[in-house]
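The lines below spell out each chain.
2 protein chains.
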Amino acid sequence: MPLVSAFASSSSALRRGPLARVRRLLVAAATRARSSSRARGGLPRFHAPSLPSSKGEVVRIQGDEFWHMTRVLRLGVSDRVELFDGAGGLVQGSITKVEKGGSDVELLEDARLIAPQGIQWHVFAAFGTLKGGRADWLIEKCTELGACSVTPLLTERCHTIAENRVDRMQRLVLAAVKQCQRIHEMSLKPPIQIGNLLPVVSQSKLAFLASAEAPPLLRVLPKSSNEQSGLLIIGPEGDFTEEEVHGLKSAGAAPVGLGPCRLRVETATISLLSALMLWSDANHQETQQCS
Amino acid sequence: MPLVSAFASSSSALRRGPLARVRRLLVAAATRARSSSRARGGLPRFHAPSLPSSKGEVVRIQGDEFWHMTRVLRLGVSDRVELFDGAGGLVQGSITKVEKGGSDVELLEDARLIAPQGIQWHVFAAFGTLKGGRADWLIEKCTELGACSVTPLLTERCHTIAENRVDRMQRLVLAAVKQCQRIHEMSLKPPIQIGNLLPVVSQSKLAFLASAEAPPLLRVLPKSSNEQSGLLIIGPEGDFTEEEVHGLKSAGAAPVGLGPCRLRVETATISLLSALMLWSDANHQETQQCS
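Protein sequence lines, in the order shown, are assigned to chains A and B. Residue 181 in the working numbering sits at position 108 of the first sequence; the count goes up by one each step and never skips. Residue 172 in the working numbering sits at position 99 of the second sequence; the count goes up by one each step and never skips.
It is possible that part of the hints are untrue.
Because identical chains cannot be distinguished in the list, a pair is counted as satisfied if it fits within a single copy or across any two copies.
To be verified - Cut-off 25 Å, straight-line C-alpha distance, at most; resulting in silico cross-link-like pairs (SDA-like, lysine to any residue):
(1) LYS322 to GLN358
(2) LYS128 to GLY175
(3) LYS204 to ARG241
(4) LYS204 to HIS141
(5) LYS296 to GLN358
(6) LYS173 to ASP152
(7) LYS204 to ASP137
(8) LYS262 to ARG335
(9) LYS204 to ARG337
(10) LYS262 to ILE234
Just so you know, the hints here were simulated from the structure itself, not pulled from any lab data. Only a predicted model underlies this, so the values are computations on that prediction, with no experimental measurement involved.
Kindly produce the complete structure, drawing on both the sequences and the hints.
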């Protein structure tokens, strides 16, 4: 029996008296725990890598998601849930069976495929040398803020990234995707040499390079844009070399300033991404209202 | 003898052969270590809580700053440095004495007093219940991004903050102030009850409340502003209660949306602050160019 119901069915004396406060706190804590994996005002949501497409089909939930469903949220047979596959697939279902190693969810409708909205931002940041969990933060926050992909950028002053880091980051991405209720997973791409980034920049009409002494970002941004995607480029600790900056600018990246303070790599990334996400969100809503 | 010089004076064979790469890496590491407490392209900078005002006067550097000056950066007699007091005071000096417990720096000019520029942003965030270093991160990033002050906000769903946290955060602020080269320290204020925030909001012409389902921030922001300061208000995990939101709106806070994703408390704070700092920075530079 879920914690909340167990308390709700206790004597009504609990609503008064000295225990009333304890009860209110416990109910509040349980409500918070539930709400953390629940779409705002909606059903609790779980990740199923492979989602069937038609009403009535059954999907098996295992591993961490099963544990989260049955142990953390204490859901059981007949409880309704939402399933997503990280690629835009979303569907409501009902739990039909709970066993030791997994649970079955029956689809209550045909799965919907939701297209990504607004400009898709691709982050190229030289974070391979960051220490003290700063790279983890960068990845988690990029996921939460809605970046489409993150690619570790290899430059003269940041020429490597440990392999085991990438595995760890992949787990962080999934946790953050669930936490922030993204329908589309963020893609963590293999590291790229700065030389190989230049042709990508040349093909993009929206490419921004975080740079000290450049004009403020909000003065460089166009009023609106019809582009589908854009690039954010952030240098390493110790910055790009002059030749690297020259190469990026020649390829068409617009240098943008991020305010008067000197920002760390992860802070510059988050600051630039936040501003661009808010800009494209405002654009997107405006376009929708006009159409 | 500093690491760089020690290597520089070694046999020139080091410039070729298999050790050349090791040498380059060590030189690069030492350069990075030095640059981290150096104004961009300027002198290494240290904090002196009380700064004399006139050329020729001497100030004693002790504690962490002394250690950083003499052990990390290996500075000695005759080396030039920059001193700041965190309240806008800034001056160049020269080291005249290095002893066991501290060093003396003689002022090479009269101290300058630099006024804060642009809109001063005051952050009110309900971060008392954040775990896993998230509150620390919030404080560090607010300092780095240039917030004027941060105040823990106490609400119905976040009604406390541990006292020992505040001490720890104070240390984080100073470390971040030095790292990002702020001339003015960020002020970490005592916690405030949400009821006591309402009159502050009423008196402010720029007060923004992070809120799901609100219009996007960049559509709510005025084109420019002559205000000296503004407020950012961010709710706790589990959000404000409806009454709290109603109270804040009635007092004049503008609800603003931060994009389609559900953000954690610390991410919402950084995202909102980043965008507002970039907005006021763009405004400030425009005003300066016009005048």
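Hints versus structure:
1. LYS322 to GLN358: between (31 Å within a copy, 23 Å between copies)
2. LYS128 to GLY175: within (20 Å within a copy, 75 Å between copies)
3. LYS204 to ARG241: both (14 Å within a copy, 20 Å between copies)
4. LYS204 to HIS141: So LYS204 and HIS141 pass the 25 Å test across copies only (19 Å; inside, 30 Å).
5. LYS296 to GLN358: So LYS296 and GLN358 pass the 25 Å test inside a copy (14 Å) and across (18 Å) alike.
6. LYS173 to ASP152: Within one copy only: 17 Å inside, 69 Å across.
7. LYS204 to ASP137: Answer is between; shortest inter-copy Cα gap is 21 Å, intra-copy 28 Å.
8. LYS262 to ARG335: Between copies only: 23 Å across, 27 Å inside.
9. LYS204 to ARG337: Both. Shortest intra-copy (11 Å) and inter-copy (23 Å) distances satisfy the 25 Å Cα cut-off.
10. LYS262 to ILE234: within (12 Å within a copy, 39 Å between copies)
The earlier numbered hints are all upheld by this structure, with none contradicted.
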